[in-house]
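With chain A held as given, fit chain B onto it using these hints.
Here are the chains, one letter per residue:
2 protein chains.
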Amino acid sequence: MSFLKGNVLIGQSGGPTCVINQSLVGIVETAIGVDAVDRILGARHGIAGVLAEDFIDLGRESKETLEAVAITPCAALRSVRMKPTREQCEMALDVFQKHNIRYFFYIGGNDTAETAHILNEIAVEKSYDVRLFHVPKTIDNDLRVTDHCPGFGSAAKFVASAFMGDNQDNRSLPGIKIDVVMGRHAGWLTAASLLAREHADDGPHLIYVPEVDFSIEGFLGDVERMYKQHGRCLIAVSEGIHGPGGEPIITSGEVDSHGNMQLSGSGALGDFLSAKVKEGLGKGLRVRADTFGYLQRSFAGYFSETDASEARECGRKAMTVALAGDRQHGSIFMAREDADVYRIGYEVTELRNVAKETRDMEAHFLKGNCDIDEKFLDYVRPLVGKMPTAARLSDFPL
Amino acid sequence: MSFLKGNVLIGQSGGPTCVINQSLVGIVETAIGVDAVDRILGARHGIAGVLAEDFIDLGRESKETLEAVAITPCAALRSVRMKPTREQCEMALDVFQKHNIRYFFYIGGNDTAETAHILNEIAVEKSYDVRLFHVPKTIDNDLRVTDHCPGFGSAAKFVASAFMGDNQDNRSLPGIKIDVVMGRHAGWLTAASLLAREHADDGPHLIYVPEVDFSIEGFLGDVERMYKQHGRCLIAVSEGIHGPGGEPIITSGEVDSHGNMQLSGSGALGDFLSAKVKEGLGKGLRVRADTFGYLQRSFAGYFSETDASEARECGRKAMTVALAGDRQHGSIFMAREDADVYRIGYEVTELRNVAKETRDMEAHFLKGNCDIDEKFLDYVRPLVGKMPTAARLSDFPL
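First to last, the protein sequences are chains A and B. Each step along the first sequence adds one to the number in the working numbering, with nothing skipped, and position 97 is 97. Each step along the second sequence adds one to the number in the working numbering, with nothing skipped, and position 310 is 310.
Chain A extracted, bound-state conformation:
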């Protein structure tokens, strides 16, 4: 336990989630009234706000406002997609010194952890005493080390509920339906569509994730087979699917400063696949495509309670560990206990273990080229919590 007195600064970065503000509030509430903490500041728009010294005073927010913000989706501090240069990171450290920032928390994904990692390296070089922590969030669930990521459970619940409803829709008015799900590198969120399958003939009948190479020919064969079997076909497709060389199926050409191609915010992939099905299997077929888009990460009023409380706890843990001072920096992660009952422990790992690289779904969760193994249900169910159910008539004959 080493005492370090100064100001706390918090930023949020990358694509929002429905529970990202739980982590923010978890940090703030843990910092309130602590001797070592002078002021609790927020940087608007993450690292961009740090560089611009665009700070707000979070310590003056009422308990009521904080709780209301906690259940509001998306970054209350506002977010940013910006990979700072080395020079900008050095400038950020100057800002830290100028404002006596001794505790910095950056809530985000692997790119955010990378920025925190670089900031920490510079702080060590400059011998500036600041405790730097990354708090995980991403609906993609693709961070390394952690069992799962805050934000994923709520998005998974949204996706599973959407597929549960769309399966009923597709059963009402049969046809071929393609649903495109977020997930740039990893198929975790797309795989959550498996939760919608209750009866043997329920969709999604096909699930495509980026962990398996995709080919149009294989896809058309799969669709034809399922359509013959069920008279309909509901398909879950990750936006990140790609060919054997890693080449995208279609490309918008728009790239952000981390080198990430724009995948979401367009119906192009779904429409492309839809056209391919009509072309390959018959113009007369009823083929539709929906792209779930930003609703998966932002829909108001529908989230996983487990996800919300875990996101809160990750924020609390970050502040607690920072205050303790046994570690100068790190990334919070969740470890699942190996027990019959779902239980999570909150731990800290090195920033470099989480920075930059992402985590694919493990091979044992995959089933062939176009399905997910039922083992995945044991993994994902506790994260999503209570799901709606879909009932059928018994279809009693006369």
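Among the hints, erroneous ones may be present.
For identical chains, the list gives no copy identity; a pair is met inside one copy or between any two copies.
Distance condition first, Cα-Cα at most 30 Å in a straight line; then the derived DSSO-like pairs of lysine-lysine [claimed, not checked]:
(1) K278 with K83
(2) K386 with K63
(3) K276 with K83
(4) K278 with K367
(5) K356 with K126
(6) K228 with K83
These are computed hints drawn from the structure, not numbers from a lab.
This is chain B only, laid out in the frame that chain A set:
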């Protein structure tokens, strides 16, 4: 009160809603144990199931199954998009006679009411004694006579919650965001996005409905103005927007048997508008488009309680009126009492008053070319019921 003994037949038709099974269960539960009712049958896939004599026995379903089905989205009897020919309608009457169908209920929209209307005309000509009722449902809310339609409240809640979340997303990562909402002829569902606006600078900043002619030039001017004012712009667009001559903005060319063009199940309109914005206002702008698609009518586990209980009551009313026998046929509608407290009465109107034609939003709900009047909130709030709230930080300066 005239006694007519025989079998009950129920069908569901058109695009599903989240509460369409409430109406089904409302009919069934009211028919159970009634002297005049021999058997309660369901036709699978609506009129197609009638013609194929594809019937199931609903009277044998347990109370538990019926209640579970009631809260499951989409047509449990399965649906159909089919405008029967005159000959097919005559065949359907033959099937009624063969199976001693004396009560027929067809749950659907204006096209469904049209089919019920024709069936009734033929029954009168043939002097076949059958009581024929249309039970309203449509997320589009575009049926005539009724104050609003079962299915609309839940879809409006979904759309409003999606916009509430997406407004936070757009505030987190500013840019121009286009969201395409269902609604072929009328803008009711798109207008429900207004519920997401809490603060003066909240989106949707622009709302386009089919009741107002749309032009790309006007649209680009509106977007530029809002983007300058707010540094971001969230836009609600109805899928049914069209030019001054009624010509669609883009067209898929796919038409159903009622002559309706395919609008949903594609991201094409959103992507087209998105490309136009980049082309007209600057390639460097961050422009995204989402098309909410079938989630609006099928999402599991998120519905309006008011909508669910009204849909149930419409089903009950239909069976009650049919049994009473004062009317041989009709369409159930909801009349809103002119009172401070929201209260609904259930009434019956002639089938021809609801058949075929749709109802646009009244002019007093519109505000200029690209907005909805706040008066609409009084209309829509009770239908949607409890909404989530979106809270902001106070942004206290240092």
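Hints and how they fare:
Taking CA atoms no more than 30 Å apart as the test, K278 paired with K83 passes between copies only; the shortest distance there is 24 Å, against 41 Å inside one copy. When the C-alpha separation of K386 and K63 is checked against a cutoff of 30 Å, the pair qualifies both within a copy, at 28 Å, and between copies, at 23 Å. With identical chains, the CA atoms of K276 and K83 are at most 30 Å apart between copies only, with a shortest distance of 29 Å across copies and 37 Å within one. Taking the shortest alpha-carbon separations for K278 and K367, only the intra-copy value of 27 Å comes in at or below 30 Å, while the best inter-copy value is 41 Å.
Proximity of K356 and K126 under a CA criterion of 30 Å is satisfied intra-copy only: 23 Å inside one chain copy versus 75 Å between copies. Taking identical chains as interchangeable, the C-alpha atoms of K228 and K83 lie at most 30 Å apart only when they sit on different chains, with a minimum of 26 Å there against 48 Å within one chain.
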